[in-house]
Amino acid sequence: MPNALIHETSPYLLQHAHNPVNWYPWGEEALAKAKAEDKPILVSIGYAACHWCHVMERESFEDESTAALMNEYFINIKIDREERPDLDHIYMDAVQAMSGSGGWPLNVFLTPDTKPFFGGTYFPPVRAYNRASWKEVLEGIHKSYVEKKNEIIAQAENLTAHLLSSNGFGIGKAGADVPFSEENLQVIAEGILLNADTEWGGFGKAPKFPQSFSIQYLLRHYHFTKQDAALKQALLSLDKMVDGGIYDQLGGGFARYSTDNEWLAPHFEKMLYDNALLVGVLAEAYQVTKNPKYADTIRQTLAFTEREMLSEEGGFYSALDADSEGVEGKFYVWGKAEIDDLLGADAPLFESFYDVSEQGNWEHVNILRILKPMDVFAAEQGLETAAVAQKLAAAREILFQQRSRRIRPQLDDKILLGWNALMNTAYAKACAALGDEAYREMAVRNMQFLESKFTLPNGSWHHTYKNGTARIPAFLDDYAYLIQSYINLQEITGSGEYLTKAEKLAAWVIEHFEEEETGFFFYTNKHQQDVIVRKKEVYDGAVPSGNAVMCHNLLYLSIVFDQPSWGEHAHRLLNLLNNAVTRYPGSFGVWAMARQLVTKGMVEIAIAGTHAKDALPALLAKFVPNKIVQTQETNSAFFPLLAGKTGVGEKTAFYLCKNYACQAPFLELETLLANV
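According to UniProt numbering, the sequence shown is numbered sequentially starting from 1.
Certain hints may be false.
[Said to hold, decoys possible] The calculated PhoX-like cross-link candidates involving lysine-lysine, where the alpha carbons are at most 20 angstroms apart (straight line), are:
(1) 627 / 600
(2) 526 / 226
(3) 173 / 149
(4) 205 / 226
(5) 535 / 504
(6) 33 / 149
(7) 658 / 173
(8) 372 / 232
(9) 293 / 391
(10) 600 / 651
(11) 148 / 232
(12) 173 / 293
(13) 205 / 39
(14) 148 / 39
(15) 39 / 135
(16) 526 / 504
(17) 173 / 39
[As the list claims (entries may be wrong)] Taking CB as the label site, the calculated pair distances span:
(18) 529 / 124: 31 to 39 angstroms
(19) 456 / 565: 50 to 58 angstroms
(20) 125 / 411: 25 to 33 angstroms
Read the hints as simulated data drawn from the structure, not as lab findings. For glycine and all other residues, C-beta sits at the position ideal for the given N, C-alpha and C.
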């Protein structure tokens, strides 16, 4: 018989709906039952594409004897971390405080009033990996709760107090304004480069995550300083990822991270947000270098996104699982014999280029990767580069078609507001860099979908959507990324309506999320009651901090709408995080880019004239990371930057401004850019 999860829409929760464990979703029914029966709560958090979540389900949650213990001793709650990131953040912090590490599956034991007192990640069915078995944990927690309840309650109170006190970690005390200097930006760049892997790209040792924010900072640092070391490491990191196994050489798109230093063996799940963020940084790399490799990777990744993660309604799904047929990576890997059969005489060339061997390059199978540039490889083979490229492309298509017949990884088909906004921004950046009109159309269509499905009459938005229903109040990240996507949409369309929507949303966030004492924003809105702590997330992790993105948004909108108080708000946030950003730039990359904007100043560009919008593509193709671009419209008087701007006769005029004081208009785009 199914448990209470059967009525949920989350694919992760539905995966557990037929477990013998009496799972509940997070909600009043389960929480009230825990209090009524005076039982501790087991909260188990994961997500649909999580490999070790599947392992623990098979080993423990599908086992009748284990489920019997869980049902007798606990009220069991399953949470999809992507549906309820607010709860995940709180209980992940608790487990990290207790054990020094975290991850998923996250298993946390709470008192009936939802305060944590013990937890961990994966627990094996029998003692292994220096970990107690899951049954031992269950028995031990039950015994302690029965015999030492007062001690457990005291421990939970202390841990909750710690969560409250650590909520402002990294945030300094208010004081005099910190001077933003060129020297400070150089210290940040050197801090990032200090952790760089100069052989294989990226930063730090395995497991290696893309760290797109650090790459982006280095690209921008090169733009402002022309320091080759910054550009070299940024491009090396992108090149090694694009050539590695973390990138799907047949179908496009990036996996979540690499388990080794060489980007060979990924953790095979593909997340929407990773691909959005990497498309954005690849777009900037293409603007800087015009290297067709980056343009090709953008096109392949967005083709994958549209083919496998786009709903008929125009929203993007969340993720693809790492596993198929219960085996991690099985959908993506190859045996040499299979490639030999498919490619015949062309197999040796393909296998040599993509590092395919009889013994395999990973667990006796092969993950396709590139170890040499194609022109170098072709020269070694005594062949023309174009001929090699043509043969490899034909071979890839044969393998791709064969792979499409395999059993596919599961799709997590919930649609999240924030992750869609990140992908919307990625499409806008791809449109700007490559000039592809189809990307602009996709961004506009996706935004229309979000506006039609996620909004409420009172101005608020929902967080998640599936099967025609949107639910769960949106979080700070959702709003911050949405405002950012509106700003980017305005730039590629020239339509000021997107800016007015961004302004309205920013005011909403300030009203409902701001902590007045510091100016930072809580993760949850002020009306949400089912969390023990209102967290302030300031670190840039797998996705950017909502606070960091709001800092960027406020800087931009303060100029566009002549709202100095918003600019002062952004400066206040940067002042309070000054030491943390400087000392730990790898954890504060988006904040570091805000420091760049404040230090270098914003370049305000107004385009006026009858054909003003026609000039947008050529301007957007250039890399000017600190620009604000507005295009003259019928309502141009509403925007201070556009007020009084006109074309010169029949010609489009480009105005270069700062603090609304503009130079004489330029009539040629190249002349304008030479003065930026």
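Satisfaction of hint between residue 504 and residue 526, Cα-Cα up to 20 angstroms = holds, 18 angstroms
Do the alpha carbons of residue 39 and residue 135 lie within 20 angstroms of each other, as the hint requires?
-> Given that 20 angstroms is the threshold and the Cα spacing comes to 17 angstroms, the pair holds.
Given pair status - residue 651, residue 600, alpha carbons within 20 angstroms = Distance ~31 angstroms between residue 600 and residue 651 Cα, so the pair is violated.
Below or equal to 20 angstroms on CA atoms is what counts here, so check residue 293 against residue 391.
-> Holds. Residue 293 to residue 391 sits at ~18 angstroms (cutoff 20 angstroms).
Is 50 to 58 angstroms a correct range for the gap between the Cβ atoms of residue 456 and residue 565?
-> violated, 27 angstroms
Is the hinted pair residue 372 and residue 232 satisfied, with a Cα-Cα distance of at most 20 angstroms?
-> Given that 20 angstroms is the threshold and the Cα spacing comes to 17 angstroms, the pair holds.
20 angstroms Cα cutoff - pair residue 205, residue 226 | violated, 28 angstroms
Going straight from one Cα to the other, do residue 658 and residue 173 come out at no more than 20 angstroms?
-> Measuring from Cα to Cα gives roughly 31 angstroms; hence the hint is violated.
Measure nothing beyond the straight line between the CA atoms of residue 535 and residue 504; if it is 20 angstroms or shorter, mark the hint as holding.
-> Answer violated: residue 535 to residue 504 is near 24 angstroms, above 20 angstroms.
Taken at face value, is the distance from the CA of residue 149 to the CA of residue 33 at most 20 angstroms?
-> Measuring from Cα to Cα gives roughly 18 angstroms; hence the hint holds.
For the pair supplied as a hint, residue 627 and residue 600, is the alpha-carbon distance within the 20 angstroms limit?
-> Holds. Residue 627 to residue 600 sits at ~11 angstroms (cutoff 20 angstroms).
Does the structure keep residue 526 and residue 226 at a Cα separation of 20 angstroms or less?
-> Outside the cut-off at roughly 45 angstroms; violated.
Hint violations for this structure: numbers 2, 3, 4, 5, 7, 10, 11, 12, 13, 17 and 19, all remaining hints satisfied.
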